[in-house]
Amino acid sequence: KAGVTQTPRYLIKTRGQQVTLSCSPISGHRSVSWYQQTPGQGLQFLFEYFSETQRNKGNFPGRFSGRQFSNSRSEMNVSTLELGDSALYLCASSLLASGRGEQYFGPGTRLTVT
Amino acid sequence: AQTVTQSQPEMSVQEAETVTLSCTYDTSESDYYLFWYKQPPSRQMILVIRQEAYKQQNATENRFSVNFQKAAKSFSLKISDSQLGDAAMYFCAYRVGGGGADGLTFGKGTHLIIQP
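Quick mapping for you: the protein sequence lines, in order, are chains A and B. By the count of the working numbering, the first sequence reaches residue 116 at its end, each step adding exactly one. By the count of the working numbering, the second sequence reaches residue 281 at its end, each step adding exactly one.
Certain hints may be false.
Unchecked claim - With a straight-line cut-off of 25 Å between C-alpha atoms, the simulated SDA-like cross-links for lysine to any residue are:
(1) A/K59 with B/G263
(2) B/K235 with B/D267
(3) A/K3 with B/Q167
(4) B/K273 with A/K3
(5) A/K3 with B/T225
(6) B/K243 with A/E84
(7) A/K59 with B/P206
(8) A/K15 with B/S207
(9) A/K3 with B/R215
(10) A/K59 with B/Q167
(11) A/K3 with B/P206
(12) A/K59 with B/S193
(13) B/K273 with A/Q39
(14) B/K238 with A/Q46
(15) A/K3 with B/D191
(16) B/K238 with A/S67
(17) B/K273 with A/L85
(18) B/K273 with A/F71
(19) B/K273 with A/E84
(20) B/K273 with A/G18
(21) B/K220 with A/R102
(22) B/K220 with B/D191
(23) A/K15 with B/R208
(24) A/K3 with A/P63
(25) A/K59 with B/K273
(26) A/K3 with B/E226
(27) B/K243 with B/T225
(28) A/K59 with B/N227
(29) B/K235 with A/E104
(30) B/K238 with B/A181
(31) B/K243 with A/V115
(32) A/K59 with B/A237
(33) A/K15 with B/P206
(34) B/K243 with B/Q209
Rather than coming from a laboratory, the hints here were simulated on the basis of the structure. From a predicted model like this one, the values you see are computed outputs, not experimental measurements.
Chain A with its partners taken away, still in its complex shape (with noise of 0.2 Å):
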């Protein structure tokens, strides 16, 4: 089975754009996480789409959105980019929603912000 995949790899932006990142899980998964790890806050959950449904959301101001479409592939976007911005966006993909499921992350996104 292919593992999670997430495109673009790198991605500069300049502050104030808005960008699109896109993650499909592994086939058969309909759970999507995505997190942002930057060296000082570390790994912090943004949001949980099931089956189209944002589940659970972190605590990341609203410039931050996402989707899931109904092949449960991801997309999410970030408005208005600020120079904190720039991190490292991990997504990871699991049979269940519930805690119960385990979470299979991709290689991730490197965003820089300048």
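Since the structure of chain A is already known, use the hints to place chain B on it.
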């Protein structure tokens, strides 16, 4: 709110030796899951091992095993016969069980160095 604490920012071990990484967590939940993830320099997060809180038996995966002390809220990872490929950041993570679970809560990580 749940918290996960990894008190060792960095650990070093000789190849073929055994090393134990520490993790403590704080929760008022009774149904939860604990995980160890490995993040090598490639930044790909790899699931190493998982423990269900309701299971008393400690999880084991080949050279990796955990010491789960529920009352003490402790969840340490033991790596036996350390190999050069084990060098990575190791993250302890927690997730409450049930359908309304938030995402994983991670510790700050332990950087494991393997000395040849």
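Verification of the hints:
1. In summary, the hint linking A/K59 to B/G263 is supported, as the alpha carbons are separated by about 16 Å, within the 25 Å threshold.
2. About 21 Å separates the Cα atoms of B/K235 and B/D267, which keeps this hinted pair within 25 Å; it holds.
3. Taking the CA atoms of A/K3 and B/Q167, the gap is about 33 Å. The hint is violated against a cut of 25 Å.
4. Straight-line distance between C-alpha atoms of B/K273 and A/K3 comes to about 31 Å, which puts the hinted pair past the 25 Å bound.
5. The suggested pairing of A/K3 with B/T225 holds, with an alpha-carbon distance near 24 Å, which does not exceed 25 Å.
6. With a C-alpha separation of about 40 Å, the suggested pairing of B/K243 with A/E84 is violated against the 25 Å cut-off.
7. Only pairs whose Cα atoms come within 25 Å are accepted, and A/K59 paired with B/P206 is rejected, the gap being roughly 28 Å.
8. Distance restraint check for A/K15 and B/S207: the Cα-Cα separation of roughly 22 Å lies within the 25 Å cut-off, and the hinted pair is therefore satisfied.
9. For the proposed pair A/K3 and B/R215, the alpha carbon gap of about 21 Å is at most 25 Å, so the pair holds.
10. The hinted pair formed by A/K59 and B/Q167 meets the criterion: a straight-line CA distance of about 15 Å does not exceed 25 Å.
11. The straight-line distance between the Cα atoms of A/K3 and B/P206 is roughly 24 Å, inside the 25 Å bound, and the hint therefore holds.
12. For the given pair, A/K59 sits about 20 Å from B/S193 by alpha-carbon distance, which is consistent with the 25 Å threshold.
13. For the suggested pair B/K273 and A/Q39, the alpha carbons sit about 10 Å apart, so the restraint of at most 25 Å is met.
14. With a CA separation close to 21 Å, the supplied pair B/K238 and A/Q46 stays within the 25 Å bound.
15. Of the supplied pair hints, the one linking A/K3 and B/D191 is violated, its CA atoms being roughly 36 Å apart against a limit of 25 Å.
16. For the proposed pair B/K238 and A/S67, the alpha carbon gap of about 34 Å is over 25 Å, so the pair is violated.
17. Under the criterion of a C-alpha separation no larger than 25 Å, the hint pairing B/K273 with A/L85 is consistent with the structure, at around 22 Å.
18. For the suggested pair B/K273 and A/F71, the alpha carbons sit about 32 Å apart, so the restraint of at most 25 Å is broken.
19. Between B/K273 and A/E84 the CA atoms are separated by roughly 23 Å; this keeps the pair inside 25 Å, and the hint holds.
20. For the hint pairing B/K273 with A/G18, the CA-to-CA distance comes to about 30 Å; that exceeds 25 Å, so the pair is violated.
21. Distance hint between B/K220 and A/R102 is fulfilled; the C-alpha atoms sit about 13 Å from each other, no more than 25 Å.
22. A distance of roughly 18 Å separates the Cα atoms of B/K220 and B/D191; the hinted pair therefore holds under the 25 Å criterion.
23. Between the alpha carbons of A/K15 and B/R208 the distance comes to roughly 21 Å, so the proposed pair stays at or under 25 Å and holds.
24. Distance restraint check for A/K3 and A/P63: the Cα-Cα separation of roughly 35 Å exceeds the 25 Å cut-off, and the hinted pair is therefore not satisfied.
25. Pair hint A/K59 plus B/K273 holds up; C-alpha atoms about 20 Å apart against a cutoff of 25 Å.
26. Using a Cα cut-off of 25 Å, the hinted pair A/K3 and B/E226 holds, with the two alpha carbons roughly 21 Å apart.
27. Pair hint B/K243 plus B/T225 holds up; C-alpha atoms about 9 Å apart against a cutoff of 25 Å.
28. Between the alpha carbons of A/K59 and B/N227 the distance comes to roughly 35 Å, so the proposed pair goes past 25 Å and is violated.
29. Restraint check for B/K235 and A/E104: the C-alpha separation of about 20 Å stays at or below 25 Å, so the hint holds.
30. Under the criterion of a C-alpha separation no larger than 25 Å, the hint pairing B/K238 with B/A181 is inconsistent with the structure, at around 29 Å.
31. Between B/K243 and A/V115 the alpha-carbon distance is near 39 Å, which puts this suggested pair outside the 25 Å criterion.
32. Taking the CA atoms of A/K59 and B/A237, the gap is near 29 Å; set against the 25 Å cutoff, the hint is violated.
33. Of the supplied pair hints, the one linking A/K15 and B/P206 holds, its CA atoms being roughly 24 Å apart against a limit of 25 Å.
34. Restraint check for B/K243 and B/Q209: the C-alpha separation of about 21 Å stays at or below 25 Å, so the hint holds.
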